[in-house]
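Student: These are the residues of each chain, in order.
Number of protein chains: 2
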Amino acid sequence: MRILLVGAGGVGTAITRIAARRDFFEHMAVADYDPTRAEAAVAALGDAGSRFSAHRVDASDRAAVTALLTEHRCDVLLNATDPRFVMPLFEAALAGRAHYLDMAMSLSAPHPDRPYEECGVRLGDAQFEQAELWEKSGRLALVGMGVEPGLSDVFARHAADELFDEIEEIGIRDGANLTVEGYDFAPSFSIWTTIEECLNPPVVFEKDRGWFTTEPFSEPEVFDFPEGIGPVECVNVEHEEVLLVPRWVDARRVTFKYGLGDDFIGKLKTLHALGLDSTAPVTVASDLGPARISPRDVVAAVLPDPATLGDRMHGKTCAGTWVKGTKDGAPREVYLYHVVDNQWSMREYGSQAVVWQTAINPVVALELVAAGTWAGSGVLGPEAFPARPFLELLTAYGSPWGQREQ
Amino acid sequence: MRILLVGAGGVGTAITRIAARRDFFEHMAVADYDPTRAEAAVAALGDAGSRFSAHRVDASDRAAVTALLTEHRCDVLLNATDPRFVMPLFEAALAGRAHYLDMAMSLSAPHPDRPYEECGVRLGDAQFEQAELWEKSGRLALVGMGVEPGLSDVFARHAADELFDEIEEIGIRDGANLTVEGYDFAPSFSIWTTIEECLNPPVVFEKDRGWFTTEPFSEPEVFDFPEGIGPVECVNVEHEEVLLVPRWVDARRVTFKYGLGDDFIGKLKTLHALGLDSTAPVTVASDLGPARISPRDVVAAVLPDPATLGDRMHGKTCAGTWVKGTKDGAPREVYLYHVVDNQWSMREYGSQAVVWQTAINPVVALELVAAGTWAGSGVLGPEAFPARPFLELLTAYGSPWGQREQ
Chain A
1 MRILLVGAGG
11 VGTAITRIAA
21 RRDFFEHMAV
31 ADYDPTRAEA
41 AVAALGDAGS
51 RFSAHRVDAS
61 DRAAVTALLT
71 EHRCDVLLNA
81 TDPRFVMPLF
91 EAALAGRAHY
101 LDMAMSLSAP
111 HPDRPYEECG
121 VRLGDAQFEQ
131 AELWEKSGRL
141 ALVGMGVEPG
151 LSDVFARHAA
161 DELFDEIEEI
171 GIRDGANLTV
181 EGYDFAPSFS
191 IWTTIEECLN
201 PPVVFEKDRG
211 WFTTEPFSEP
221 EVFDFPEGIG
231 PVECVNVEHE
241 EVLLVPRWVD
251 ARRVTFKYGL
261 GDDFIGKLKT
271 LHALGLDSTA
281 PVTVASDLGP
291 ARISPRDVVA
301 AVLPDPATLG
311 DRMHGKTCAG
321 TWVKGTKDGA
331 PREVYLYHVV
341 DNQWSMREYG
351 SQAVVWQTAI
361 NPVVALELVA
371 AGTWAGSGVL
381 GPEAFPARPF
391 LELLTAYGSP
401 WGQREQ
Chain B
1 MRILLVGAGG
11 VGTAITRIAA
21 RRDFFEHMAV
31 ADYDPTRAEA
41 AVAALGDAGS
51 RFSAHRVDAS
61 DRAAVTALLT
71 EHRCDVLLNA
81 TDPRFVMPLF
91 EAALAGRAHY
101 LDMAMSLSAP
111 HPDRPYEECG
121 VRLGDAQFEQ
131 AELWEKSGRL
141 ALVGMGVEPG
151 LSDVFARHAA
161 DELFDEIEEI
171 GIRDGANLTV
181 EGYDFAPSFS
191 IWTTIEECLN
201 PPVVFEKDRG
211 WFTTEPFSEP
221 EVFDFPEGIG
231 PVECVNVEHE
241 EVLLVPRWVD
251 ARRVTFKYGL
261 GDDFIGKLKT
271 LHALGLDSTA
281 PVTVASDLGP
291 ARISPRDVVA
301 AVLPDPATLG
311 DRMHGKTCAG
321 TWVKGTKDGA
331 PREVYLYHVV
341 DNQWSMREYG
351 SQAVVWQTAI
361 NPVVALELVA
371 AGTWAGSGVL
381 GPEAFPARPF
391 LELLTAYGSP
401 WGQREQ
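Protein chains in written order, with our numbering: chain A, 1 to 406; chain B, 1 to 406.
Hints in this document: simulated from the structure, not taken from any laboratory.
Keep in mind the model is a prediction, meaning the values are calculated, not measured.
Some hints here could point you the wrong way.
To give a feel for the contact side, a few chain A residues facing chain B, derived at Cβ under 7 Å [stated by the list, open to error]: (1) 94; (2) 97; (3) 163; (4) 184; (5) 185; (6) 276; (7) 284; (8) 285.
Ranges between beta-carbon positions, derived for each pair [claimed, not checked]: (9) A/311 to B/208: 41 to 49 Å; (10) A/47 to B/215: 46 to 54 Å; (11) A/395 to B/273: 34 to 42 Å.
Chain B regions said to be covered by chain A (calculated; three or more residues, Cβ under 8 Å) [as the list claims (entries may be wrong)]: (12) 57-64; (13) 278-287; (14) 301-311.
Glycine included, C-beta positions come from ideal geometry on N, C-alpha and C.
One chain only, chain A, in its complex shape (with noise of 0.2 Å):
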């Protein structure tokens, strides 16, 4: 397998570190809008690095991506940017004639009139308008493969397959003891994306009503973490698999939310009372002159670089999928869940945990793919793959899940 990843940043970055132990592809070829990124990146391999390479490209450049892809006669592309790029980059592996993998879907947008009420375009619904076509060249788009998306689904799949006979709710829940030395504020990912996914309508799946949103921050409950996280506030944020578990998965309801806690949410509030959540453009004085900026780029780059904070963080961050139901007509109650503990993936592989969570998903789906297990054609969730070979290989790769009772 001969593999182009798209964007080194800190889950790319993670990704050549987690990839770079393992033998199942035969070159990964690392490109960034920023060469140094995909330079430092390889460099920082050492002599684990031969089987990599650094190049340059714009993710929104669709000609220039399947170039790439042909010139490195790649099988696959990683998407490793933030969603913004989702459709330009999955456009460009399909007219590449490679498989596609990402680890968030294309980008949805409000209902116009009753945003707080029902879904307007749905995260994904661009990507899954394709699948005929991906269907046709026979190639596989598999998407939300990372952590959450990625592992949740592939925890639902597997409660789904192994643990319950009927499922009442599914409900994807986060929560970390994260802190930050030396910072009021420094959030331990993308704040592009946490401000999409935490703004947004976010939306919750029932069997009789189908997709429906509601306000931001809604239902609120306090939820126990494993491992010594202990209980954290959660609540409702669009995320994208409320939209991929009821495609493969049978579920009376399916919710994610998210640990994020009062500060963080007051915070995000305020960003967007302000509006400086918007990416609509406006027009500031700069160095060069007048010029258009994205209010929410400018709060990505007023704070640290979350992959560069892993030295002076602390704590554990865990993901993981909670399910409740009936198994041989009893009720059954189960947390299946990933803990990540910051200091052993800095001395592991020098990552923080966040980024590091979200990167070793997407390399064990590819090396299932690579070895046949999981195969397919058409844009497809984790959730459509048989789940405990992804388990067991997640456990081979030293980084085993867990799973309580409740």
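Once you've looked at the hints, dock chain B against the given chain A.
Tutor: Here is chain B on its own, set in the frame of chain A:
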């Protein structure tokens, strides 16, 4: 008198409307970085605009400003820009042998090691350093001559001259009950300046100790404002009066407290925690390529222009000076104040209350200078001049002030 007004934003435009009704000057040249703003201000005067002309000028370009003063034979430069441009305009006026008047003083810089205990560079320091040059040239720089600083300083001088024998404390107190229809958050005054004064370490004067600083938003107190505004929580902020009043008026303590309210304080704290209050340039993508921009300029760009909100605003704004001391051996406490009702200022002048209240005071002061009632040379604050003529002329302008014994 011939006047060069630099700045045709909200305050500058209100100045033209107030001045157009007075006959103490011969000509007012109105200049702005954006010539369409200057033209709009003059055009709005209609038939009353014959003594006004519109021009383009970059307020940071000393030579261009001096040339404009000479070209239009101006006796005085009236600075209605934001405080970043105080020093170039102040120096351009001296070079052009004109008097100078502003409504905010040269900017402060915090103490490098003990920002919340000691002053670093104080507001106005850079201007007072040049006092001798102004004295020698026989020209007057009347600094801090808006409403606060400005009218508030006149009140302090009036209290010292006529109402008290000994003054224990002079506390400027500013509060409002303004609301803006249709906006979650819409500051009624320049957000650039509001951030500057609220997030800098607040300065306090005590006779035994001199000037010193505290933490932002310190010493909260509820002050009861007159004319139906009622009680508002006020906190210490950095303001020119604390630097000006002790130079000419004998008081044991001088403070400035602003009625910001919890919600506004929370938003300012968030901007600060994220670094969005900063004026240090960051690089972001723009239509012109990677551009260096100031995050605080972006905050200003995403918020509605306060000068345009008059039609949606409701309520009153109050500026005033609370004085505590003794008169004829008996304790006395007085609040001298000036209230503007937005409905009135919109109907009478088409200007919203906060900018109108700032704008009237420099016009009154210029009229006193033109008449020779206020005369002097050097760098002087409003309290360096007799207060009674100012207060009488303010009343004659149709905008009376009040006095409350407490």
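Student: Confirm or reject each hint.
Tutor: Going through the hints against the structure:
no. : hint                       : in the structure
1   : 94                         : violated, 27 Å
2   : 97                         : violated, 31 Å
3   : 163                        : violated, 42 Å
4   : 184                        : holds, 4 Å
5   : 185                        : holds, 5 Å
6   : 276                        : holds, 6 Å
7   : 284                        : holds, 5 Å
8   : 285                        : holds, 6 Å
9   : A/311 to B/208: 41 to 49 Å : holds, 47 Å
10  : A/47 to B/215: 46 to 54 Å  : holds, 53 Å
11  : A/395 to B/273: 34 to 42 Å : holds, 40 Å
12  : 57-64                      : violated (count 0)
13  : 278-287                    : holds (count 8)
14  : 301-311                    : holds (count 3)
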